[in-house]
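Visitor: We have chain A already, so just place chain B on it with the hints.
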Amino acid sequence: MEQNSPILYILLAILVTNLIRVLPMMLIKGPIRNTFLRSFLYYVPYVTLAVMTFPAIIETTLTPLAGVIALVVGLIAAWYGLGLFPVALICCIIVYLIDTLLPML
Amino acid sequence: MEAVNVKDRSRTDTSSPLRHIGEGLRDGTPIALGYFAVAFSLGIIAKKAGLTAPLGFFSSFFTRASAGEYGVYTLVAIHATYVELIAMCLVTNLRYMLMSAALSQKLAPATSWFHRLLMACCITDEIFGISVSRTGYTPPAYTYSAALISSLFWASGCAIGIVAGGMLPTSIVSALSVALYGMFLAIIVPPARRDRNVLYALIASFFLSGICAVAPIVSQWSRGTRTILLTILISSVVAWLRPVKKRESNGTE
Numbered sequence: 005m006e007q008n009s010p011i012l013y014i015l016l017a018i019l020v021t022n023l024i025r026v027l028p029m030m031l032i033k034g035p036i037r038n039t040f041l042r043s044f045l046y047y048v049p050y051v052t053l054a055v056m057t058f059p060a061i062i063e064t065t066l067t068p069l070a071g072v073i074a075l076v077v078g079l080i081a082a083w084y085g086l087g088l089f090p091v092a093l094i095c096c097i098i099v100y101l102i103d104t105l106l107p108m109l
Numbered sequence: 014m015e016a017v018n019v020k021d022r023s024r025t026d027t028s029s030p031l032r033h034i035g036e037g038l039r040d041g042t043p044i045a046l047g048y049f050a051v052a053f054s055l056g057i058i059a060k061k062a063g064l065t066a067p068l069g070f071f072s073s074f075f076t077r078a079s080a081g082e083y084g085v086y087t088l089v090a091i092h093a094t095y096v097e098l099i100a101m102c103l104v105t106n107l108r109y110m111l112m113s114a115a116l117s118q119k120l121a122p123a124t125s126w127f128h129r130l131l132m133a134c135c136i137t138d139e140i141f142g143i144s145v146s147r148t149g150y151t152p153p154a155y156t157y158s159a160a161l162i163s164s165l166f167w168a169s170g171c172a173i174g175i176v177a178g179g180m181l182p183t184s185i186v187s188a189l190s191v192a193l194y195g196m197f198l199a200i201i202v203p204p205a206r207r208d209r210n211v212l213y214a215l216i217a218s219f220f221l222s223g224i225c226a227v228a229p230i231v232s233q234w235s236r237g238t239r240t241i242l243l244t245i246l247i248s249s250v251v252a253w254l255r256p257v258k259k260r261e262s263n264g265t266e
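Residue numbers (the numbering used here), protein chains in the order written: chain A, 5 to 109; chain B, 14 to 266.
Same shape as in the complex, but just chain B:
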């Protein structure tokens, strides 16, 4: 009897990959819808740069970076140099380095290099957000399925935007583009309710981000640059003032 109980308890940790895929698809769907709207407007820019719909699909499926792709397409349009293109990719996507470092802490120690590589490639702001905010180690199947469905919508949105850009009414495009932000709120607010330090971090982020959008010099910088600098600044200060105590993230105080 005792032995059975122990076995049962250990089994809850290695729950089936099918369930993780289901959860990934469930959480990936609102992301996919938001992506579709954003990618659609991105497609309109890609068209100006001379991309065909298949090329837009290919490019978006394998890049998956909103600000980064926006930057790339504007550079393609003006036939910029390859050095400029590389610099643009580095600056607009630098935050993925931080996210990759953070996500590395959410993988079970025994995870193979292949899964580490693939998990890293899945990183976008949103996929990272839902993957890192899970309790305990993040199962790769969860991240893969969420990344797959959202990338398909992202790439299709871009391709359809190239073909049909400007045919949807602006009110619908505007409404769809907010889906992303609604989703962000659903990711960041519940942890803030549980952990007061996260709440402080969020209030500081909203406040400083708002100021930087209107402040004289800072508001001239690109949104990507501001995001990186504010993230490093605010996270450092909060980490210094309110260090996280050594405890595995199981939600108990």
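Only chain A is shown next, with the shape it has when bound in the complex:
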């Protein structure tokens, strides 16, 4: 009955996704005083990124070993203060080498 065009779906998705982003920003005016809330929001970014990194980094590579080694080397490189781009590049090279070399062994 209803003509579900991809364009309508996509316009709706764009609207909803951006409303989610905008609402808290527009509702929260000024600094939050509550210590728990402040602390919660302080930890949120690190926790989210950590949860998204592991175990996904192992699941996206062709061989899990490549992901494990990229993770360990990436952690060490980041610990010693390498920036976003170098760490990302190192991880890519490691995964490419292991994923292409391992099947040859």
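Hint data in this document are derived by calculation from the structure and do not stem from the laboratory.
Below, a sample of chain A positions facing chain B; criterion: calculated Cβ distance under 10 Å: (1) I14; (2) T21; (3) L27; (4) K33; (5) G34; (6) T39; (7) S43; (8) Y46; (9) Y47; (10) A74.
Examples of chain A residues toward chain B, derived with CB under 7 Å: (11) P10; (12) I24; (13) R25; (14) I32; (15) V55.
Idealized CB from N, CA, C, for every residue including glycine.
Guide: Coordinates of chain B only, in the frame set by chain A:
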């Protein structure tokens, strides 16, 4: 002489927007590369849902949500209802609400509503990550430039994936997709080195996230759902056990 010194010191706070744009482009580039790889594989799914390359570009440029778009395209492919589509968008993107709330604390109090609106729209996991981890208030120019370059690569990746999906060797797609995670590590590890509480939070996150990926019932939930629940749980516990003392983030203990 004294007056000049004072003036100099105050000037360091309002450094030029051009420098912020440069920094944004610099930090946005690895994000853009990682996005390109992920969006490319997303394009292959979008094609199955019947999207053309221009529509894929449009959709990705304005949505910018990996898990969210993945969910949307799978629903478009099966001609789901609009209610299902809205529910999918809410669940897969709920974390952006937390991020928006957190980012609201990083804007200078005098920031206009227009900049607040635009800053909020820039939020993706990665753009949020680099914006919120800056010391002091985050200049909008920094976030805008990083978001622009990464969104262009994200949208192009999706469009090219729709056109040329399956033409790149899988080893290259696999290697590129890790760029994102390498970048995440570079964002979360340095603060953990400075702040022991962040280190504890990270160890708990890796550990619990690993367990949830293999645990019986939990592993059946979508990755987006697990991310939200673990983020709320772990951040709450750490915030309760290790509250942040009232001090502006200038890195001194």
